[in-house]
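Input sequences plus hints: build the corresponding full structure.
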Amino acid sequence: MADDLYYFNDSMSSNMTLEDCSNDYCLPDADYMDMIFEHLYPTTFEWVLIFMHSVTFVVGLVGNALVCVAVYKNRLMRNVTNYFIVNLAVADFMVILFCLPPTVVWDITETWFLGTALCKIVLYFQVLKVVLVMPAHGSWIHGIITDP
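The sequence shown: position 114 = 116 (the working numbering), numbered continuously.
FYI, nobody ran anything at the bench for these hints, they're computed from the structure. In this text, a Cβ means the ideal position worked out from N, Cα and C, and glycines have one as well.
Quick list of simulated restraints, FRET-style, between CB atoms:
1. Phe47 / Gln128: 18 to 28 Å
2. Met35 / Tyr85: 47 to 57 Å
3. Phe39 / Asp149: 55 to 65 Å
4. Asp36 / Arg80: 51 to 61 Å
5. Phe86 / Tyr34: 52 to 62 Å
6. Tyr34 / Pro137: 42 to 52 Å
7. Val64 / Tyr34: 35 to 45 Å
8. Val132 / Ala72: 21 to 31 Å
9. Thr111 / Thr148: 41 to 51 Å
10. Thr111 / Arg80: 39 to 49 Å
What follows is the structure, encoded as structure tokens:
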């Protein structure tokens with residue numbers, strides 16, 4: 003039955019059988035690689051997005067690290083409020099370090115290359131940040147506003 007299946011491709015002069023295909027689209031390998039490259043290579047807008055994410059990555063890592071170092075070095079800053087801020091800085095640091103790079107790759111290529119396990123780990127960190135850290139931060143801000 004497979005011999006009866008024919009795929010016609012405009013870029014080729016003849017019909018190909020299923021056995022002749024070396025890729026999913028029954029294209030010549032060079033055309034198939036060009037198609038993949040065009041799909042994966044970022045557009046101008048995506049390059050701007052990559053640049054903005056890169057700036058966010060660097061500023062976020064440096065800023066959160068500086069918060070931790072400032073509280074560690076200065077003994078007068080070691081109080082409950084600043085420990086909470088350090089906790090938020092560490093959580094932000096981890097999310098930026100572990101979640102931002104794979105998310106940018108995923109957004110640009112629209113494909114997940116990093117396997118099922120890493121997909122679940124990145125998603126876990128993102129949900130953990132939203133579910134645990136953000137409500138704690140909100141309740142802390144609420145306490146500061148309502149009881150100065």
